[in-house]
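There are 2 protein chains.
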Amino acid sequence: MAGPKVHDEAILGAISKRRDLINDAIPEELPIHRPKRLYEASRYLLDAGGKRLRPTLLLTTAEALADVEPLSTNYREFPTFDGGTVDMIAAAVSVEIIQSFTLIHDDIMDDDDLRRGVPAVHKEYDLGTAVLAGDTLYSKAFEIMLDTGARSDRTVKALDVLATTCRKLCEGQALDIEFEQHSDVTPEEYLKMVEQKTAVLYAASACLPAILQGADDKTVDALYGYGLDIGRAFQIHDDVLDLTVPSEKLGKQRGSDLVENKQTLITAHARKQGLEIEELVDTTDIDAVTEREIDNAVTEIERVGSIEYATDQAYKFVDQGKARLEVLPDNEAHELLCTIANYLIERDY
Amino acid sequence: MAGPKVHDEAILGAISKRRDLINDAIPEELPIHRPKRLYEASRYLLDAGGKRLRPTLLLTTAEALADVEPLSTNYREFPTFDGGTVDMIAAAVSVEIIQSFTLIHDDIMDDDDLRRGVPAVHKEYDLGTAVLAGDTLYSKAFEIMLDTGARSDRTVKALDVLATTCRKLCEGQALDIEFEQHSDVTPEEYLKMVEQKTAVLYAASACLPAILQGADDKTVDALYGYGLDIGRAFQIHDDVLDLTVPSEKLGKQRGSDLVENKQTLITAHARKQGLEIEELVDTTDIDAVTEREIDNAVTEIERVGSIEYATDQAYKFVDQGKARLEVLPDNEAHELLCTIANYLIERDY
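The listed protein sequences correspond, in order, to chains S and V.
Under full-length UniProt numbering, think of the first position of the first sequence as 1, with each following residue one higher.
Under full-length UniProt numbering, think of the first position of the second sequence as 1, with each following residue one higher.
Next up, chain S with everything else stripped away, as it sits in the complex (with noise of 0.2 Å):
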């Protein structure tokens, strides 16, 4: 494997004091009142925990940006280019929001269990619950992403931003549903999906702090490619690791992407290279499968190159993600900017 290896102690402190921040912040911006069981059911899985990833690559862009060394400035009061301020908190829980929204939902469509180790938001209330918890989660993203204080222009970009990416999302769950009943996605389409899926997210989460600073168009841009890239290589890299980590580790059965008839880059590529990727694995149902019919399609795959393939897309996309961060100043948040990218397909679970 390629590029540089990440010093795990400094990323995951500073991920660490952004995400106790974020923590800190949910409850105050979405407090529980009543219909409190519609609340209660709303914070539910925000509650359950989370890296916070999304929230975190926002607020270190901010701090790149307005060149302030992290975590010396006040998030709420945060500085914009033109004298201003505006409250960077709110607009990196805005995105947190979004983000479970999606959770929520996607759990419904996929009738998944659990979710962070906790039962899904439908299972643990009920279906109309989490539809109505999901839509409520939206709606106050929204009204928490209109209070940041910036300029009305710039609201009116961001609401622009986040309102665009909650669409794509819709669109990219719906291709990925779609992708199930085919067996001839090209790596190309695969790429698309995984974009409007996951990877407008985190392009979000970078591009607003520029856009609630002020930042000129030319880097509201390349900060949008930046999380783009670095989206795309999470999800690949979350692909490589169904594969190739234990199934204790990785909290559900592992090749359980292979067994449900998942489209990856992995099982696009392989396809390519002539293997019969649907009858690597007998069975459809996950409880069925054992860990020796998994072993062998991951040695099949290997074979054939994809898992190596993957992985090299997933640094190439760091790679590329990591240079669109020139448009920065040269200061200790855009390192982290890189660290982080470079955590996205470095960590193990």
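Honestly, the hints are just simulated from the structure, not real lab data.
All of these numbers come straight from a predicted model, not from anything done at the bench.
It cannot be assumed that every hint is accurate.
Same chains, same label: a pair holds when it works inside one copy or across any pair of copies.
What the hints assert, rightly or not - Here are the computed lysine-lysine pairs in the BS3-like style, where the Cα-Cα straight-line distance is at most 27 Å:
#, residue 1, residue 2
1, Lys192, Lys36
2, Lys322, Lys192
3, Lys36, Lys262
4, Lys218, Lys322
5, Lys123, Lys262
6, Lys36, Lys252
7, Lys218, Lys51
8, Lys168, Lys36
9, Lys51, Lys316
10, Lys262, Lys252
On the provided structure of chain S, position chain V as indicated by the hints.
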């Protein structure tokens, strides 16, 4: 019954012309593209028809404010108070899309089979597609409202109204579901729920043109109040119709609210009069109830004066709403807004 009688032909003619414009604009604002199944599902309920009451209200309020003759002005380039133009059709379609999104998700929650004479979206397609179609419509409503060409500060206000409205619609739906488990809902609690579940979207429709055109806060607030009042009246009248209109005409079983233990202003009032409302109909199975049972229940409810009470309340709200319109110039569109208010409580379906 008090109140002026609607000139049916005039009002229906006025509504139908605006409805046709909205119907033409829906495919323009929400074209079907890839992923095709997602967009077809998103359009399914919108294409099934509807009276387009909310967008009609929006367009008519715009005309009353601008003091132009109804249907004389290009809605796509509608004059603002400071010499600019905004796209009122976009705003009107946005509101109709929000309405459609809530219906799709409400039908999932209530597991209703039919809507507007066609299968509910989750029946015609599937649960996942219906959840996602609603989410897509939600995003599109925001994207379209961002694209009216209004001044940034006004667009921010309009988006704020839209986001807050959506959040309240969710809260109202949650309360409605919660109330099904309660048998002690007071008329005040019911009215609060109706405000959130139904009336806020009428309120948004009435005040959005004022915001986009640049009217003062007093006008915006008065129009919001008008919308709330007639929205409340609309829902109360709906509850009256459920008991008083024959099943054939209603398109569903008369008295379904009683069978399903729905809380309405009528049941809340009857309970206060000492009527044991839960005992009136034995079954909770809509297919098992007889017309005779419903007849007897309605006779009891009429005896304690609850239908008359609800009707009086609806008229009171309509009168209150119309009085708020005094902020508007005296013109034909203003008159039409009064007629629409009357229509909402005099329609018999």
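Hint-by-hint comparison with the structure:
1. Lys192 with Lys36: between (39 Å within a copy, 16 Å between copies)
2. Lys322 with Lys192: Cα proximity of Lys322 and Lys192: one copy only (20 Å, versus 52 Å across).
3. Lys36 with Lys262: Only across copies: Lys36 and Lys262 sit 20 Å apart there, 37 Å inside one copy, limit 27 Å.
4. Lys218 with Lys322: within (16 Å within a copy, 51 Å between copies)
5. Lys123 with Lys262: both (23 Å within a copy, 25 Å between copies)
6. Lys36 with Lys252: neither (32 Å within a copy, 32 Å between copies)
7. Lys218 with Lys51: neither (29 Å within a copy, 46 Å between copies)
8. Lys168 with Lys36: Close across copies (14 Å), not inside one copy (31 Å); limit 27 Å.
9. Lys51 with Lys316: Within one copy only: 24 Å inside, 53 Å across.
10. Lys262 with Lys252: within (15 Å within a copy, 42 Å between copies)
Hint violations for this structure: numbers 6 and 7, all remaining hints satisfied.
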